[in-house]
Amino acid sequence: MNFKMTMVAATILSLNSMTASAGSEIETLINMLHENGMVSDEQYGRLVAELKQNQTVANEEKAEVTKQLAEATKPSDVEVKFNKGALAVNSRDGKFNLNLGGRVQADAAVYSGDPDMGNGTEIRRGRIYISGTMYHDWGYKLEYEFANTGANGKGITDAYLTYNGFDDVQVKVGNFKDPFSLEYQASSKYTLFTERSLAGAFIPGRHMGAMASTKQKHWSLAAAVFGDSVSTKGGAEDEGWGLGTRATFAPINEKGKVVHLGLGLNYRDTDDAETAQFKSQPETHIAGENIVDTSTIANVDDYLKLGVEAAASFGPLHAQAEYTTTSVSRSSGSDLDFDGWYVQTGYFITGESRKYKKGAFSGVTPKSIVGEGGIGAWELGLRYSSLDLSDSDIDGGEVDSVTLGLNWYATPSLRFSANYVDVLDVDGGANDNDEPSLYQVRSQWAF
Amino acid sequence: MNFKMTMVAATILSLNSMTASAGSEIETLINMLHENGMVSDEQYGRLVAELKQNQTVANEEKAEVTKQLAEATKPSDVEVKFNKGALAVNSRDGKFNLNLGGRVQADAAVYSGDPDMGNGTEIRRGRIYISGTMYHDWGYKLEYEFANTGANGKGITDAYLTYNGFDDVQVKVGNFKDPFSLEYQASSKYTLFTERSLAGAFIPGRHMGAMASTKQKHWSLAAAVFGDSVSTKGGAEDEGWGLGTRATFAPINEKGKVVHLGLGLNYRDTDDAETAQFKSQPETHIAGENIVDTSTIANVDDYLKLGVEAAASFGPLHAQAEYTTTSVSRSSGSDLDFDGWYVQTGYFITGESRKYKKGAFSGVTPKSIVGEGGIGAWELGLRYSSLDLSDSDIDGGEVDSVTLGLNWYATPSLRFSANYVDVLDVDGGANDNDEPSLYQVRSQWAF
Amino acid sequence: MNFKMTMVAATILSLNSMTASAGSEIETLINMLHENGMVSDEQYGRLVAELKQNQTVANEEKAEVTKQLAEATKPSDVEVKFNKGALAVNSRDGKFNLNLGGRVQADAAVYSGDPDMGNGTEIRRGRIYISGTMYHDWGYKLEYEFANTGANGKGITDAYLTYNGFDDVQVKVGNFKDPFSLEYQASSKYTLFTERSLAGAFIPGRHMGAMASTKQKHWSLAAAVFGDSVSTKGGAEDEGWGLGTRATFAPINEKGKVVHLGLGLNYRDTDDAETAQFKSQPETHIAGENIVDTSTIANVDDYLKLGVEAAASFGPLHAQAEYTTTSVSRSSGSDLDFDGWYVQTGYFITGESRKYKKGAFSGVTPKSIVGEGGIGAWELGLRYSSLDLSDSDIDGGEVDSVTLGLNWYATPSLRFSANYVDVLDVDGGANDNDEPSLYQVRSQWAF
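Residue numbers (my numbering), protein chains in the order written: chain E, 1 to 447; chain P, 1 to 447; chain A, 1 to 447.
Do not rely on the hints blindly, as some may be mistaken.
Stated by the list, open to error - Chain P is faced by these chain E residues, among others (derived, beta-carbon under 7 Å): (1) 32; (2) 146; (3) 329; (4) 333; (5) 373; (6) 402.
As the list claims (entries may be wrong) - Here are the computed distance ranges between Cβ atoms for each label pair: (7) P:55 to E:255: 48 to 56 Å; (8) E:233 to A:404: 22 to 30 Å; (9) P:53 to A:56: 24 to 32 Å; (10) A:402 to E:225: 54 to 62 Å; (11) E:48 to P:35: 22 to 30 Å; (12) E:259 to P:167: 43 to 51 Å; (13) A:357 to E:299: 52 to 60 Å.
Don't read these hints as lab results, they were simulated from the structure. Yeah, the Cβ is synthetic: ideal placement off N, Cα and C, and Gly gets one too.
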């Protein structure tokens, strides 16, 4: 709008000067007629005076017009636009910005085999957020999970403040994701399968804290100190606290060609709670049944997670793997070691590539869009996951599973997914020797 | 804005041509003077050259101005407007749209007679939603009920995705209302009385599912398959599921003149839960006391609801009636039949008519608005409702009641209602022979 | 934008008249040449005719241009802007307005001494609201508290409708704050310390009700009738109800110079509940431990609160004090009297002043902004609070504390606070003789 208005101003001004130049032949004619004696000196004087008077008036008016136009065509202050469906309002001076968006994941699942898991449906996630910029250098976000069936039920997900005024370092304060695990850093909107891998049992989640991070083209580094999760209420007991750091390195980071390596460390002191628990559903969420589960482990002082990440994307083909181990220190009883890993690969039949930015993969932009004559993007995925939650006196069980997935990205903000999960074997724990399988579908809009 | 900008461009361009035409008498004069021998050939040549030069410069400038103006006055991409108070942001290419709105219903009630119901107040509904269009053919909505006292307490109401790319058929996936019952299809913003009728005991509510529907001027048809309600968590048990269909026919559908007929079928399989319950408060909500209640019925395999609808609207007068019956199949014990019905009529003292669109009634637009010199719309309503929840071994009770209502629509987005409900008689159940009555008022803003 | 468009129209119109005036010398020249016999009568006639024709065409075109420009430059209908970060959308006709904003307060606290209070973190408040105007005279607001740890947990805060069509009186219906207490009338965004004083134990909170109020420059008056709080569900019992009134007087109310006096009365009938409870944490919130607490008092008929307020602000220095007493009437047992008070003072090191408007203090606008080369506003605060919850057979305890605070307002929508609270002594109650102290920090964005 403002650019356009400036153009209008500029062109109207050139129109003015044009008008002025169009009359110079009159002056020439008058001079000639005077030279030729066709008008008397007195008449010439009157003509020149009138000409000058008219020119003076015209010039004054033009100056006034120029001034008023400059004022009139100053750009408008605020621009409103859509970002894949999200509303983005930006002040042109870069001082303020506000985004309003959300997501809905509507799921259904059918189970077979043991343990008994109930077929059903759920809104897996239903979120609305506002985020933006205040006074140039400051950012904010508040997002709420309305779905009762989310990871932690209804509740605040992101609620933070950032300072972006330093050249390369961002500071963040509030409630947000611990910097750990490649599949956790990617939004749940963007994961290859409907649920994260079995190794997601070690995902630290969001905590209240403060973080400094830098994100470059070929590497990123984040370090944070955390209190407890936002839903924890201390009462008379001190809440837990933690430290987290993650480093990533991308020796290749070009459009459609990415190699990623990453390392994460996540320490948590349980403080007065002195408990920990690790568990996982078989890469589904609706039934709510954990296939492996350490149950509550008592006398826990602290635990340290170590995660190793590797990923690559070459054109439509991509692969990703992570190994995570967790060491639990107990005040009585021996230390415990649990671990998990997954390897996954995906392929865009329609030729798209995964997007990589600053240490994490995000969504895909279909080459053609359903609603604009296209067919969207189609992606196949395959994953092998493994999780071992048995050590020493803790018999949480060990499980391996294979997941096959199909994703259809009808538009950049829409996704339909179908997953088949086959649990190969459970070894130990409450579900020893079980081998359930399941089908799961999801309809998702997100922006 | 863009239309206006185009107009500015057009008028500036005509200004240009005007300026040009204003000078033709100079050329005539120069030619005359040359003919008359008043200027020499050499002078004439110079004058004509200067004139042509000035004209050429002027024309070039005009061409540049025309081009720049065309660019400058291209329409802006996004339009922001209000729809009765709701914010509507539309991209001009029809690709995106986002609406932000909500509603608040602040209620108070006073009770007399038995059973003992507590006088009080509540926010009956407090909702915010975002809805809109993505990439032309896709629609979405997410609405949340913040009021703790709503039908199902706090929680997601609508959370769905639609595909509108077919000519006549819309597809919907997610959580939304079952297609059943005329008074249920109308938003709670638009019901004639503060609460739906006693027969509302059979309203199926919202479920997770998929629906195809077509809505024509004179008829509509919807068919859907559903899982369970969004708040149900299956655990080890399979969730219930259902089927629903509704057909409507409007032989007359003109402005201010509507005849509507409808038929709904709603089947629900309780699956592992094997229970059902039907109940109703006496057309109030604050006290939370059910006047009739089957309590939890065990051994229920499934139940089928059948609803018959009829309504008419002629100018300010309108009437509506529904009969609903529910047949419950039990694995042990005989089948059960419950039913309910209501007849209601309303009259706009100020002469407005109810709006009818695609198989449901919606709000009214007052002829004059409070705040713009008007008095708003005033409506009287009368209803007789009946509900029978006693059959075989189930003694839920039978109840009849009369409701008298007054609505004041101060503006299209504001409504104040006063209702008097007189329960004529309860026959059977826990409240046998009770005859309570109540006054209820509501202040509502909704858009 | 509309003002600017009007300017464009005006200047283009003046451009027109300029163009016209620029040509008068041609007419003069033609007349002269005719007088001098340089052009024949016939030629003169043709020239004048052509001149008039051109002028007529020009005038007609100008009239058309004028008309089209007037149409084209009508102001756009809706204006979008930022208000400290909140989105404000206004229709230019004043008919509609919608604001979207929120707040996040991220807190951490460390405790020492008895009683045992757990160190920890929390999102103290996380809110989103929409508010606005409908059809000129009507206002609305709906705000929701997403933080689980707020005063009343998650839930609706403001949900109301206002009528602003009277000259001096506003009417409000719905759920909103009782008109009582200077520190309660100020938003939690604006309090000098992270938590209100010990005397905040008597803050009435929000209730469902209706209020009439008038707010003048030098005085304000509000009177309201209330039902119970929005989260109370009556069931078979009648909910409590209340009356509230508050009058304020500001003999001095100039920019940077304010003297405020206030008086509040708040009556509450407990109705069927017949209970009351008063309690306070030691000016902190995270641990959730009450340092004094009457526990539930039985047989309470009603209670009356009286509050006296005094405050002054002179340039960067400000002070505020309140005394509140509560008289509880019991159906069995003697009446009870509890009271509390605080005195606080603050000083803006950077020279700002507190803003005062219509009977309450609000935020501060820093003289310079971090992100625009400034350092923000820095404020020191000191408070002494006292609360006595022991009377007759109720031994809730008596407590005094001192709070020292530092606030940094980096921008008008950002605030960082650090508080040190020293509980001087607890006399009686469960924590007799305890003297805990605590450090608390907050990061807040709010708009």
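Hints and how they fare:
| no. | hint | verdict |
| --- | --- | --- |
| 1 | 32 | holds (5 Å) |
| 2 | 146 | holds (5 Å) |
| 3 | 329 | violated (34 Å) |
| 4 | 333 | violated (31 Å) |
| 5 | 373 | violated (10 Å) |
| 6 | 402 | violated (24 Å) |
| 7 | P:55 to E:255: 48 to 56 Å | holds (53 Å) |
| 8 | E:233 to A:404: 22 to 30 Å | holds (26 Å) |
| 9 | P:53 to A:56: 24 to 32 Å | holds (28 Å) |
| 10 | A:402 to E:225: 54 to 62 Å | violated (29 Å) |
| 11 | E:48 to P:35: 22 to 30 Å | holds (25 Å) |
| 12 | E:259 to P:167: 43 to 51 Å | holds (48 Å) |
| 13 | A:357 to E:299: 52 to 60 Å | holds (57 Å) |
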